[in-house]
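Trainee: One-letter residues, chain by chain:
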Amino acid sequence: QSVLTQPPSVSGAPGQRVTISCTGSSSNIGAGHDVHWYQQLPGTAPKLFIYGNINRPSGVPDRFSGSKSGTSASLAISGLQAEDEADYYCQSYDNSLRGYVFGTGTKVTVL
Amino acid sequence: EVQLLESGGDLVQPGGSLRLSCESSGFIFRNYAMAWVRQAPGKGLEWVSIIGTVRDGRTYYTDSVEGRFTISRDDSKSTLYLQMNSLRVEDTATYYCAKKFSGSYHFDYWGQGALVTVSS
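Protein sequence lines correspond, in order, to chains W and Y.
Take the first sequence: its position 59, counted from the start at 1, is 49 in the numbering used here, and no numbers get skipped.
Take the second sequence: its position 4, counted from the start at 1, is -7 in the numbering used here, and no numbers get skipped.
Worth flagging that the hints you see were computed from the coordinates, not collected in a lab.
Possibly wrong hints are sitting among the right ones.
Quick partial rundown of chain W residues pointing at chain Y, CB under 10 Å, derived from the structure [stated by the list, open to error]:
1. Ser(-8)
2. Gln(-4)
3. Pro(-3)
4. Ser1
5. Ile44
6. Gln81
7. Leu87
8. Gly89
9. Gly95
Where is the CB? At the ideal position from N, CA and C, for every residue including glycine.
Given these sequences and hints, build the entire structure.
Mentor: Laid out in structure tokens, this is it:
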């Protein structure tokens, strides 16, 4: 059902840099809608991590950064830490569906 | 501090009804659109519904719940509701209440979730 596609999993050693892609279409990301990212730790509610493509809410480490280009967006985690192990979801708005859409989700594993 | 507290989750038979509530505090509830987002066990996030402020009062639903679910709000109680009728097994999920950030299409605060299980 998700219209935004993410890799199921990414992994990296502590200190490494990993990126998570979010691929949409001309009716959502490509239509100019912003992309937002949420972190979901096991057994907890999602938490806003990046909004408006590149902005970090207060309290989110600057190791996390977002970008957007064309019909895709990315979330990068630099200096990976054990506490970053979580599921990450991108989110945007879709003109065709006239609703909010989420990515398929990516599990980040710290080796 | 913004807090969203869902309640009303339960086990219900297929075809049954349930009403979820989300009590809010820490912000001026009437000024913000509010939404429900669900997550089936082991699955991803799915937007369910959203309601605007009293100024526009518009409601929107994802196709799979249109005509079965009704979102509403009571600004005097700072509470959001989701009335769910004709429940199906595939509606089984944790339902999160979320506050929409004004001027953007994202959700800046989430509740802890309420589990709805539809099973015979």
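Trainee: Confirm or reject each hint.
Mentor: Here is how each hint holds up against the structure:
no. : hint    : verdict
1   : Ser(-8) : holds, 6 Å
2   : Gln(-4) : holds, 9 Å
3   : Pro(-3) : violated, 13 Å
4   : Ser1    : violated, 19 Å
5   : Ile44   : violated, 13 Å
6   : Gln81   : holds, 6 Å
7   : Leu87   : holds, 8 Å
8   : Gly89   : holds, 6 Å
9   : Gly95   : holds, 4 Å
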